[in-house]
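**Student:** If you read the protein sequences in the order shown, they are chains A and B.
Quick note, the first sequence lines up with residues 1 to 184 if you use the UniProt record's numbering.
Quick note, the second sequence lines up with residues 1 to 412 if you use the UniProt record's numbering.
I should point out that these hints are in silico values taken from the structure, not numbers from a laboratory.
Quick caveat, the model's predicted, so the values are computed rather than measured.
Certain hints may be false.
To be verified - Partial list, derived from the structure: chain B residues whose beta carbon lies under 8 Å from chain A:
1. T156
2. N160
3. T174
4. G178
5. G179
6. S181
7. P185
8. V277
9. P280
10. I282
11. R296
12. A307
13. K308
For glycine and all other residues, C-beta sits at the position ideal for the given N, C-alpha and C.
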Amino acid sequence: MADSATHAQPSSTDGQSRRDFLLYSTIAVGAVGTAAALWPFVHSMNPAADTLALSTTDVDLAAIQPGQAITVVWQGKPVFVRHRTEEDIALATKDDSAELRDKMADATRVQKPEWLIVVGVCTHLGCVPLGQKAGDPKGDFGGWFCPCHGSHYDTSGRIRKGPAPLNLPVPKYSFTSDTTIRIG
Amino acid sequence: MSGFQTNNKVISWLDERLPIFSMMQHSAIEYPTPRNLNYWWNFGSLAAFVLVVMLLTGIFLVMNYSSHTSLAFDSVERIMRDVNYGWLIRYLHMNGASMFFILVYIHMFRNLYYGSYKAPREVLWWVGIIIYLAMMATGFLGYVLPWGQMSFWGATVITNLFSAFPVVGQSIVTLLWGGFSVDNPTLNRFFSLHYLLPFVIVGLVVVHVWALHTVRSNNPLGVEMKGEADSIPFHPYYTIKDLFGIGLFLMFFLAFVFWAPNFFGEPDNYIPANPMVTPPHIVPEWYYLPFYAILRSFTMDLWIIPAKLQGVVAMFAAILILFFLPWLDTSKVRSAKFRPIYRQFFWLFLVDCLVLGYVGGKPAEEPLVTIGQLGTAYYFAHFLIIMPLLGKLEKPKPLPASISAAVLKEKA
Ligand code: HEM
Ligand code: FES
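All chains, full assembly: derive it from the sequences and hints.
**Tutor:** Below, the structure is given as structure tokens:
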């Protein structure tokens, strides 16, 4: 730096590439550092530990008669528990071979055929479909009907008609006894 | 910064160190403005006025609002019933949001009519679109805060739009929610952002006005100012006219606040949010309806692209396309006054937006679905086909030599 002549004339390609190297490595370190500093802020918006901890729900099935359904809350979302009738099950397995948008056999969606357990959130834009209560519309396929933009689900919770792309998802659950399940 | 002169020693001492008075003099007093602006040029200052109303009423609402899911709804009801003049502050804020959009929509259609987005005002136009996007975000976030049924389900449907994106969609939605559904973490962050964004808008407005003062106002004739005779100083001519506009606007605004405060609202939002029950007919706020109609008009999967993704992409594209308008419009003539054919298409486009808005507010049933699809097709055709072709095919009427020439001829 003392020699101002070389400073004014950066003709040596050697010095130039050294400066370039310093410039680019500074930019690279700065970029990685900024990204690393940003991540905690972004990740702080993801579900917190206590939110994640509230992630199981126990359900007693004993009082639900065939043809009835209840809605339970799991992770802040409604979960549909439907005690299917023989006709419901027959319809669902018959339709395994029907034209399905999101192809899944009924048998892969249940652990015991009489109990259908699905997350009650329309896969279109997240409304809660109707069909849980006795007077509700159940759509063209005997399952659920989403009033928001008209999606129809069948007795296996599969999407059959309307804008939703996917079947109602089956949450992870296990039978903790003959008549109780734990979701999550 | 020539014109500023004062005998006041304190003011000139300050001005030499921070030229705040020179700046005011330059950009709000002397600022040369076309002499022929009509009342459609009032809407920018009106929008700025409403922005200030929103900031003030918002800050006072926050003093009594609680952003927890178990308290939010009741805290807003308390504002309405118990807080002194709380009802007034909330109704000003609630209706102010609708006014803001009415004014900005008029402002935007004014620009479409007079070709104000064309060179050299492209960047000015862009900043305006960014302000509009920020307003839409702010309005959406604010509508969630009272935590009624529409708040909750609006938030659910809109955040779920992001799940349409392949691979990362669901992770984005979880990140937005901070959980597995719209819940307390969601309400808290929406509150934080709803407080932040209006101040971002203020910053954007400063940039908008900066760009405006660089390129100067367009005018109903669409020809640039050429000399002294074409312009008048902003003060007192337009300060007075803008104030007069604010007076008229306040009558309109306050008529809603006092006599029809829930005109723009949805009764369902006076029912506390219930994550287990979706209201039978959910609609977004009126100012989003045309875009909601576009979103819903895609009902068939195309090849591997699901209908849902098509709808979301089209909805965003409907706004983003505005950024390209300065180049999609190939006509050299700005004002529709001299473009007899464009003038008709302008009105058709306006009608199309109103039709889309109507369809967006109704349940998705025939024949409205088809009407919405035709409306969507026309919306994009207007920008992608009509605007580029019209500029080439249409024969504009002769332009006046200058603003003053045209104005004086009219007088004569
Ligand atoms: C661009 C400006 C703004 C717009 C467009 C806007 C829009 C809205 C809307 C549509 C609502 C829902 C009103 C309702 O239905 O109850 C709302 C609520 C609210 N806003 Fe804003 N807002 C703006 C600025 C602000 C600011 C600057 C603050 C705070 C500093 C704020 C604080 C609040 C609060 C606390 C609520 C909840 C109380 C209520 O619902 O009435 N807003 N806002
Ligand atoms: S959210 Fe169910 S059909 Fe749109």
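**Student:** Compare the structure with each hint and give your call.
**Tutor:** Going through the hints against the structure:
For T156 (chain B), the shortest C-beta to C-beta distance to chain A is roughly 4 Å, which falls under 8 Å, so the interface hint holds. Taking 8 Å as the C-beta cut-off, the interface hint given for N160 (chain B) holds, the closest approach to chain A being about 4 Å. The closest approach between the C-beta of T174 (chain B) and any C-beta of chain A is roughly 7 Å, which is under the 8 Å cut-off, so the hint is satisfied. Given the 8 Å rule on beta carbons, the hint for G178 (chain B) holds: about 6 Å separates it from the nearest Cβ of chain A.
For G179 (chain B), the interface hint holds, the least distance from its beta-carbon to any beta-carbon of chain A being 5 Å, beneath 8 Å. Look at S181 (chain B): its Cβ gets to within about 4 Å of chain A, closer than 8 Å, so that hint holds up. At its closest, the beta carbon of P185 (chain B) sits 7 Å from a beta carbon of chain A; the interface hint therefore holds under the 8 Å criterion. Below 8 Å, beta-carbon pairs count as interface contacts, and V277 (chain B) has one with chain A at about 6 Å; its hint therefore holds.
For P280 (chain B), the suggested interface contact is upheld, since its CB lies about 5 Å from the closest CB of chain A, less than 8 Å. Given the 8 Å rule on beta carbons, the hint for I282 (chain B) holds: about 6 Å separates it from the nearest Cβ of chain A. Among the interface hints, the one on R296 (chain B) holds; its C-beta lies about 6 Å from the nearest C-beta in chain A, closer than the 8 Å criterion. Satisfaction of the interface hint for A307 (chain B) is found here, the shortest Cβ-Cβ separation to chain A being roughly 5 Å, below the 8 Å cut-off.
With a least beta-carbon distance of about 6 Å to chain A, the hint placing K308 (chain B) at the interface is held under the 8 Å criterion.
Violated hints are absent here; each numbered hint is respected by the structure.
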